[in-house]
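**Student:** The numbers in the numbering used here rise by one with no breaks, and the one at position 116 of the sequence shown is 127.
Be aware that one or more of the hints could be misleading.
Quick list of in silico lysine to aspartate or glutamate cross-link-like pairs, DMTMM-like style, CA-CA up to 25 Å [what the hints assert, rightly or not]: (1) Lys142 / Asp75; (2) Lys36 / Glu55; (3) Lys36 / Glu105; (4) Lys142 / Glu93; (5) Lys36 / Asp75.
It should be emphasised that the hints constitute simulated quantities derived from the structure, not laboratory data.
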Amino acid sequence: MSLVLDSSATLAWVYAEERTPAIQKLLSVVIDEGAWVPSVWHLEIANILTVGVRRGRNDATFRDATLQDLALMWIRTDPETEAHAWGATLRLAERHRLTLYDASYLEIALRRSLPLATLDSDLRAAALAEKLTLLGI
């Protein structure tokens with residue numbers, strides 16, 4: 012696996028109006044080399060797409076097709092995230108004033124020594140403070 016992928020970077024692929032050349036390149040890397048995510052990623056992606064249905068940004072067919080496409084990609088759930096939730100992840104969340112959800116991406120990237128793909132400004136700032144390589148802009 013080549014990187015840790017968060018929901019903001021994932022959704023920038025999904026919605027064409029948010030896609031940039033950097034995000035397109037990121038998608039190519041994930042297709043070729045895969046990515047790690049915490050289990051919360053699945054809930055975040057499905058929730059944002061479902062909220063998009065409610066708000067008229069996309070329809071249920073788009074949501075379901077997107078989820079099916081993402082399920083086919085080499086995106087793997089980190090099996091150790093839960094074990095670090097009340098330790099390293101909690102400390103990262105406190106240190107950087109992040110939600111535990113966002114800190115879980117940071118924790119995986121640090122533990123696995125992988126770059127982090129995110130568009131979230133607070134998570135990017137925390138990753139830079141932790142001297143991680145960032146992708147996604």
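**Student:** Are the hints correct? Go through all of them and say.
**Tutor:** Outcome of the hint check:
no. : hint           : result
1   : Lys142 / Asp75 : violated (37 Å)
2   : Lys36 / Glu55  : holds (22 Å)
3   : Lys36 / Glu105 : violated (32 Å)
4   : Lys142 / Glu93 : holds (23 Å)
5   : Lys36 / Asp75  : holds (24 Å)
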